[in-house]
Amino acid sequence: MELHTETRDEALHVIVAEPRIDSAVAIRFKDRMREVAADGPVRVVLDLGAVDFLDSSGLGAVVAVMKLLGPGRTLELCNLTPNVEKVFRLTRMDRVFTIHPDTEAAFADKRSIA
Amino acid sequence: MTLPDGMRGGIAPSDDARNAGYCEAQAALIVVEATPMGVRCALAEMRRRFAPAGPGPDLLGMAETVLAEALNNVVEHAYRHGGNGPIELRLVHCGTKLKVDLRDYGDPMPAGVLPGGALPDYGGSGDGPPEGGFGWFLIRALARDLSYIRENGQNRLRFLVPLAEA
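First to last, the protein sequences are chains A and B.
Under the numbering used here, residue 114 is the last one in the first sequence; the count climbs by one each step, no gaps.
Under the numbering used here, residue 280 is the last one in the second sequence; the count climbs by one each step, no gaps.
These are computed hints drawn from the structure, not numbers from a lab.
Mixed in with the good hints there might be a few duds.
Said to hold, decoys possible - Here are the simulated EDC-like pairs of lysine to aspartate or glutamate, each with C-alpha atoms no more than 20 angstroms apart in a straight line:
id: 1; chain 1: B; residue 1: LYS211; chain 2: B; residue 2: ASP241
id: 2; chain 1: A; residue 1: LYS67; chain 2: A; residue 2: GLU35
id: 3; chain 1: A; residue 1: LYS67; chain 2: B; residue 2: ASP241
id: 4; chain 1: A; residue 1: LYS67; chain 2: B; residue 2: ASP235
id: 5; chain 1: B; residue 1: LYS211; chain 2: B; residue 2: GLU159
id: 6; chain 1: A; residue 1: LYS67; chain 2: A; residue 2: ASP39
What the hints assert, rightly or not - Some chain B residues well away from chain A (every beta-carbon gap over 10 angstroms; in silico):
id: 7; residue: ALA192
id: 8; residue: GLY197
id: 9; residue: PRO200
id: 10; residue: HIS207
id: 11; residue: ASP215
id: 12; residue: TYR219
id: 13; residue: ASP221
id: 14; residue: GLY230
id: 15; residue: PRO243
id: 16; residue: LEU252
id: 17; residue: ASN266
Unchecked claim - Partial selection, computed: residues in chain B whose CB lies under 7 angstroms from chain A:
id: 18; residue: PRO150
id: 19; residue: MET151
id: 20; residue: ARG154
id: 21; residue: ALA158
id: 22; residue: ALA182
id: 23; residue: GLU183
id: 24; residue: ASN186
id: 25; residue: GLY242
id: 26; residue: GLU245
id: 27; residue: GLY246
id: 28; residue: PHE248
id: 29; residue: GLY249
id: 30; residue: ALA255
Quantities reported herein were computed from a predicted structural model and do not represent experimental measurements.
In this text, a Cβ means the ideal position worked out from N, Cα and C, and glycines have one as well.
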């Protein structure tokens with residue numbers, strides 16, 4: 001499970017460099033996210049632009065990551081591909097997460113405030 | 115049962131192809147082991163078989179989602195008491211739909227009927243949003259003409275899924 005991270009505008013930008021988050025890798029994804037986000041910035045932006053496919057296990061893992069960050073931190077999403085976006089929309093999880101259309105939008109607010 | 119490389123598959127004419135009516139294509143038969151990697155193999159083979167020749171919108175997105183959920187259910191529930199297969203998938207391209215016939219030899223559906231398609235409970239419990247329970251919701255939201263029979267130790271789930279962009 002390859003994740004690339006950088007700190008950007010006081011947020012942690014996590015890019016998932018994998019084409020799928022499915023039942024074969026959902027637990028590994030959750031564990032790797034726990035590692036990279038530990039003791040990090042309050043705001044975490046998960047970039048799913050490389051992910052073509054996410055099943056219900058993957059969706060559950062993203063929800064689990066949000067919960068393991070705890071109440072003081074936020075998990076936002078950006079760059080959803082069409083099939084992934086549809087899974088979030090159908091399951092109404094698009095109401096649970098702040099979803100930005102692209103990376104620029106995910107970090108635009110912070111820039112304008114700064 | 116162990117299949118050497120996660121899958122054995124191929125294209126074979128079947129009763130489905132002969133009974134498919136206006137669907138003239140032969141059924142694609144895909145046989146995989148009941149593991150997460152077997153599910154990946156089945157989905158990759160489905161894409162290889164049914165992807166349009168040229169560029170364009172991804173018409174297999176809905177089919178891949180429904181198939182993934184149905185296959186994951188077989189791995190996690192039907193074969194939960196052990197054994198890793200096989201799972202047999204027969205696919206026929208019927209105009210704007212994919213006709214799916216999914217068979218396994220694991221445990222029957224609880225009470226012999228298909229689960230409902232309600233979304234899991236959201237937040238009312240105080241535990242926050244649910245982490246599971248989306249599988250049958252997605253299948254019922256995207257598939258049509260679902261039917262299930264249990265016969266001679268075999269589960270057989272059939273449905274249609276539109277070939278449409280997500």
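Verification of the hints:
1. B:LYS211 <-> B:ASP241: violated (39 angstroms)
2. A:LYS67 <-> A:GLU35: holds (14 angstroms)
3. A:LYS67 <-> B:ASP241: OK: LYS67 of chain A and ASP241 of chain B at ~9 angstroms, within 20 angstroms.
4. A:LYS67 <-> B:ASP235: Since the Cα atoms of LYS67 of chain A and ASP235 of chain B sit roughly 16 angstroms apart, the hinted pair holds (cutoff 20 angstroms).
5. B:LYS211 <-> B:GLU159: holds (17 angstroms)
6. A:LYS67 <-> A:ASP39: holds (15 angstroms)
7. ALA192: Non-interface label stands for ALA192 of chain B: nearest chain A Cβ at 14 angstroms, farther than 10 angstroms.
8. GLY197: Holds, because the least Cβ-Cβ distance between GLY197 of chain B and chain A comes to about 17 angstroms, which exceeds 10 angstroms.
9. PRO200: The claim holds: PRO200 of chain B sits with its nearest Cβ about 18 angstroms from chain A, beyond 10 angstroms.
10. HIS207: holds (19 angstroms)
11. ASP215: At about 21 angstroms from chain A, ASP215 of chain B clears the 10 angstroms cut-off, so the statement holds.
12. TYR219: holds (20 angstroms)
13. ASP221: holds (18 angstroms)
14. GLY230: holds (15 angstroms)
15. PRO243: PRO243 of chain B is in fact no farther than 10 angstroms from some Cβ atom of chain A, at 5 angstroms.
16. LEU252: violated (6 angstroms)
17. ASN266: holds (28 angstroms)
18. PRO150: holds (4 angstroms)
19. MET151: holds (6 angstroms)
20. ARG154: Hint holds; ARG154 of chain B Cβ to chain A Cβ min 6 angstroms, cut 7 angstroms.
21. ALA158: violated (10 angstroms)
22. ALA182: holds (5 angstroms)
23. GLU183: Holds - the Cβ of GLU183 of chain B comes within 7 angstroms of chain A, reaching about 6 angstroms at its closest.
24. ASN186: At 5 angstroms from the nearest chain A Cβ, ASN186 of chain B passes the 7 angstroms test, so the hint holds.
25. GLY242: holds (6 angstroms)
26. GLU245: holds (4 angstroms)
27. GLY246: Nearest chain A Cβ about 5 angstroms off; hint holds.
28. PHE248: holds (4 angstroms)
29. GLY249: holds (5 angstroms)
30. ALA255: holds (5 angstroms)
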